Amino acid sequence: MFKYILKRLGIGALTLFILTTITFFGVRAMPGDPFEQDNKRMTQQQYESLRAKYGLDKSLGEQYVIFLQNAVKGDFGESISKKNRQVSDVIWQEFQPTFKLGLVSFVVSMVLGVSLGIVGALTKKKWVNSLITLAATFGVSMPSYMFAMAAMVLFCVNLKWLPASGLDSPKHFILPVAALALSSLSMVTRLTRSSLRDEMNKDYITLARSKGLSEKLVTVKHGLKNALLPIITYAGPMLANSITGSMVIEALFSIHGLGKEFSTSITNRDYTLVMGVTMFFGALIIVMNLVSDITAAIVDPRIKFDK
Amino acid sequence: MSENLINYTDDMFEALDESEKNSEFIAMESKTFFQDAWSKFRKNKMAVAGLIFIVIMIIGSILVPMFSQFGYEEQNISARNLLPSLTHPFGTDKLGRDIFTRIFYGGRVSLSIGFATAFINLLIGIIYGGISGYIGGKLDMFMMRIVDIIYSVPTLLYVVLILMIFGNTLGSMMFAICLTSWVGMARQVRAQIMSLKEMEFSLAARVIGASDMRILLKHLVINAIGPIIVSLTMMVPSAIFMESSLSYVGIGLDPTIPSWGKLANDCRSLVFTYPVQIIWPMLAISLTCLSLNFIGDGLADAFDINRR
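Same order as they appear, the protein sequences are chains A and B. Residues in the first sequence are numbered consecutively from 1, following this note's numbering. Residues in the second sequence are numbered consecutively from 1, following this note's numbering.
Rather than coming from a laboratory, the hints here were simulated on the basis of the structure. Certain hints may be false.
As the list claims (entries may be wrong) - The list that follows gives simulated cross-link-like pairs (lysine to any residue, SDA-like), each with its CA atoms no further than 25 Å apart:
| id | chain 1 | residue 1 | chain 2 | residue 2 |
| --- | --- | --- | --- | --- |
| 1 | A | 73 | A | 280 |
| 2 | B | 43 | B | 27 |
| 3 | B | 40 | A | 194 |
| 4 | B | 138 | A | 202 |
| 5 | B | 40 | A | 73 |
| 6 | B | 45 | B | 218 |
| 7 | B | 218 | B | 37 |
| 8 | A | 83 | A | 56 |
| 9 | A | 126 | B | 43 |
| 10 | A | 3 | B | 144 |
| 11 | B | 40 | B | 212 |
| 12 | B | 138 | A | 12 |
| 13 | B | 45 | A | 187 |
| 14 | B | 40 | A | 30 |
| 15 | A | 202 | B | 301 |
What the hints assert, rightly or not - Footprint (simulated), chain B over chain A, 3 or more residues, beta carbon under 8 Å:
| id | region |
| --- | --- |
| 16 | 3 to 11 |
| 17 | 137 to 145 |
| 18 | 227 to 233 |
| 19 | 254 to 268 |
Stated by the list, open to error - The following label-pair restraints were derived from C-beta to C-beta distances:
| id | chain 1 | residue 1 | chain 2 | residue 2 | range |
| --- | --- | --- | --- | --- | --- |
| 20 | B | 269 | A | 13 | 38 to 48 Å |
| 21 | B | 225 | A | 130 | 54 to 64 Å |
| 22 | A | 160 | B | 33 | 56 to 66 Å |
Since this is a predicted model, take the numbers as computed values, not measurements. Ideal placement from N, C-alpha and C gives every residue a C-beta, glycine not left out.
Construct the complete structure from the given sequences, taking the supplied hints into account.
Here is the structure:
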């Protein structure tokens, strides 16, 4: 197990390195540079000195080596477009709203999705099952931003129940969380429903029933325990997705988070900030995947590490 | 004695009617794989409805912009923000452009992105996953590591980056989506090939001396075609989603290209005053993706795939 984790961490580090390299040369290959906007107001000398300040006058190879040396030490430099602010500070500050939003929508989609999935799999009423399946299919088929927009028109404009922007109170969370959780909630519902349904048709469930165990015990202790395994594997990437995927929702609800920061930093050609955010998101996804896989392997002894 | 013998004459024999020929033959008419799948698919009402909708959208996207009396960019300042009427079935937008024409023109953009990327993914996935799964060993390990690496890259971030580098044209959008999404197909094909190549028919083909190429393409890939087609139908909506969300936020395609995401973006500032305009792009995207999902579910049932 230890060897497995070590191996996965190694692969993760390699992934992050390749990601960093591609991004490094990618952002510099974009047309324009960070000082383009104020270029007309600057003299050639000022422009040159600004470039020198951020080390952009050196050759690409040199810049890359310097960047790597600093990154290993955990220093991502100063943001170019935000004067006098460290990239790590910016990321840390902007990450908070994004993280809150992602975490809440993750919890909502897990709790609600699993419950709806269980109801869908166990209900004897056919219409309940069809309703849940249909709703889940709709949830997967509707882009989150469109759902958000429709909800905005209904709840913020026509009914005036909910605020349309910001993240100041619990009330502000309702719409962005609903929009962000929509697709993952539907996925979890579908996954739980089909997984539990498969599990309840297996022989060991029949055995448990014929032993005279109560239906509740059979379902919860035997069926559900096994049915939730695939959901654990799905949970890690899902949390990472709800955190990194909030770019669109943040723009829509004017929330100042990391997703919004990323898109503006690309438009501003803020090389250092783009690098920092990409590495941060990349590391987050890699770690989440790893945590998910390890948890699944601990819970399910059938999964072998030595693949 | 001779009188007792029956005199067989030609008129006592009569050709059996064609319909009775096989009347005692106990078996269904043999069907090819696709005929069988089609007959199952036809029974799924939602899937058939989805298929009909998609066909209508495709035909509409081709024909409506050709025959419409309005151009997709044609502005008419005196007819801004009109409600749906006979001349403008979906109304007009803030610049007086006919939304009906724009929706179907946007269909050309969005549907071609969806289908083109899915087919490119299919091609790359079959070649890459096929080679990786068929040859196996060290090469497979190496090729799958690459897939793992691409898989753990935040898709959205990379699409944005590629668009910035290569410009926000249709081509680079397709390239960006393909670059990040082919790995799913490659994994799927590899898993199928891995289990199929251990089966007897594959061994038999090898024994009679079929070349590797022939075994891979004519025996293995053909037998994996069901799951491959199903994930192909699921790839189309995800590509449409990706493009439309980016264009909606304003970092996607060039603003002059009216994809469905861009059409939704156009109504963004008017959503509080003319909410009816947002309904059309919303319906177009949602119904298209819903239809493709239903088709995918129907195909999965038809091909008898255990899919979650």
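Tested hints:
1. A:73 x A:280: Holds, at about 15 Å.
2. B:43 x B:27: Status holds; Cα separation ~21 Å.
3. B:40 x A:194: Within the cut-off at roughly 21 Å; holds.
4. B:138 x A:202: violated, 37 Å
5. B:40 x A:73: violated, 61 Å
6. B:45 x B:218: violated, 33 Å
7. B:218 x B:37: Since the Cα atoms of residue 218 of chain B and residue 37 of chain B sit roughly 19 Å apart, the hinted pair holds (cutoff 25 Å).
8. A:83 x A:56: holds, 16 Å
9. A:126 x B:43: Between residue 126 of chain A and residue 43 of chain B the Cα gap is close to 19 Å, so the pair holds against 25 Å.
10. A:3 x B:144: holds, 19 Å
11. B:40 x B:212: Violated, at roughly 33 Å.
12. B:138 x A:12: With a Cα-Cα distance of about 19 Å, the restraint between residue 138 of chain B and residue 12 of chain A holds, given a limit of 25 Å.
13. B:45 x A:187: holds, 23 Å
14. B:40 x A:30: violated, 51 Å
15. A:202 x B:301: holds, 20 Å
16. 3 to 11: Three-residue rule not met by the region 3 to 11 of chain A, so violated; n is 1.
17. 137 to 145: holds (count 8)
18. 227 to 233: violated (count 1)
19. 254 to 268: holds (count 4)
20. B:269 x A:13: 38 to 48 Å: holds, 45 Å
21. B:225 x A:130: 54 to 64 Å: violated, 30 Å
22. A:160 x B:33: 56 to 66 Å: holds, 57 Å
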